[in-house]
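*Asks:* Sequence:
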Amino acid sequence: MEIKKQNKDVIAGSGYMAPSNVNPLNEALGLYDLGSHQAVDSFSSQLDASSHQMINKYNLTPESVGSSGVQLHTDSGFLTILQDDENVGGLEEMDKSGAFVDIDPCLGTLLVNLRDVAQAWNNGRLCNVKHRVQGREATVRVWIATFLSGPKQEVVVLEAPPEFVDSEHPRLYVPFTCEDYRKLRLSTKLQAGEAGEAVAFVRTPS
1 MEIKKQNKDV IAGSGYMAPS NVNPLNEALG LYDLGSHQAV DSFSSQLDAS
51 SHQMINKYNL TPESVGSSGV QLHTDSGFLT ILQDDENVGG LEEMDKSGAF
101 VDIDPCLGTL LVNLRDVAQA WNNGRLCNVK HRVQGREATV RVWIATFLSG
151 PKQEVVVLEA PPEFVDSEHP RLYVPFTCED YRKLRLSTKL QAGEAGEAVA
201 FVRTPS
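Numbering (the numbering used here), first residue to last: 1 to 206.
Hints are not guaranteed to be accurate.
25 Å max Cα-Cα, derived SDA-like pairs, lysine to any residue [unchecked claim]:
id: 1; residue 1: K4; residue 2: V165
id: 2; residue 1: K8; residue 2: T146
id: 3; residue 1: K4; residue 2: H52
id: 4; residue 1: K5; residue 2: A18
id: 5; residue 1: K57; residue 2: V70
id: 6; residue 1: K57; residue 2: P105
id: 7; residue 1: K8; residue 2: A28
id: 8; residue 1: K8; residue 2: G30
id: 9; residue 1: K4; residue 2: R125
id: 10; residue 1: K57; residue 2: I81
id: 11; residue 1: K96; residue 2: R132
id: 12; residue 1: K96; residue 2: L79
id: 13; residue 1: K130; residue 2: L184
id: 14; residue 1: K96; residue 2: S67
id: 15; residue 1: K183; residue 2: Q53
id: 16; residue 1: K130; residue 2: S64
id: 17; residue 1: K4; residue 2: Q38
Since the hints were made in silico from the structure, they are not lab data.
Kindly produce the complete structure, drawing on both the sequences and the hints.
*Replies:* Next up, the structure:
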């Protein structure tokens with residue numbers, strides 16, 4: 001809560017809004033002036049988090065149809081907000097059985113994925129998503145994503161809050177830093193969530 005309160009108003013109503021008697025189910029964070037680099041940096045600093053945006057373009061040819069534009073992976077940070085191509089499909093997510101499920105284009109929607117750090121932070125209550133992009137047709141495919149990576153400082157140690165840990169949900173991951181986890185993924189080349197079971201996220205003995 002103290003971190004959320006750092007998201008202060010630039011103009012009235014532009015910052016953090018807590019649930020109230022009038023709107024008990026509503027809670028909001030605000031980024032005023034999205035086109036300003038300074039405003040984006042300020043917002044990220046207030047929440048002690050780093051974010052970046054990426055635009056990807058696939059030039060799919062007849063020869064590439066049926067191949068992977070992006071191999072199976074999970075995202076390494078905290079949260080991904082995806083504006084996928086609304087005309088060209090190809091995004092697939094893996095379900096618990098290991099089968100791939102098509103995520104069909106849907107006009108005017110955003111797709112939100114939890115990333116590896118978020119899974120560890122919530123003690124595995126909600127999971128990251130293994131996904132890939134397959135070439136479905138010979139055309140251009142574009143997507144835009146905003147990534148929330150987590151605390152920028154190497155000294156910030158993350159662990160599941162007490163409310164996510166109880167007798168039915170024992171603590172699954174030791175404390176870690178986002179930088180340690182990024183280095184682990186790069187050094188081991190484990191990109192599909194396997195790094196979460198390695199050194200940085202060691203399961204505690206049962």
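*Asks:* Now, for every hint given, state plainly whether the structure supports it.
*Replies:* Now the hints, each set against the structure:
no., hint, result
1, K4 x V165, "holds, 22 Å"
2, K8 x T146, "holds, 22 Å"
3, K4 x H52, "holds, 20 Å"
4, K5 x A18, "holds, 9 Å"
5, K57 x V70, "holds, 11 Å"
6, K57 x P105, "holds, 16 Å"
7, K8 x A28, "holds, 12 Å"
8, K8 x G30, "holds, 8 Å"
9, K4 x R125, "holds, 22 Å"
10, K57 x I81, "holds, 17 Å"
11, K96 x R132, "holds, 15 Å"
12, K96 x L79, "holds, 20 Å"
13, K130 x L184, "holds, 18 Å"
14, K96 x S67, "holds, 23 Å"
15, K183 x Q53, "holds, 21 Å"
16, K130 x S64, "holds, 22 Å"
17, K4 x Q38, "holds, 19 Å"
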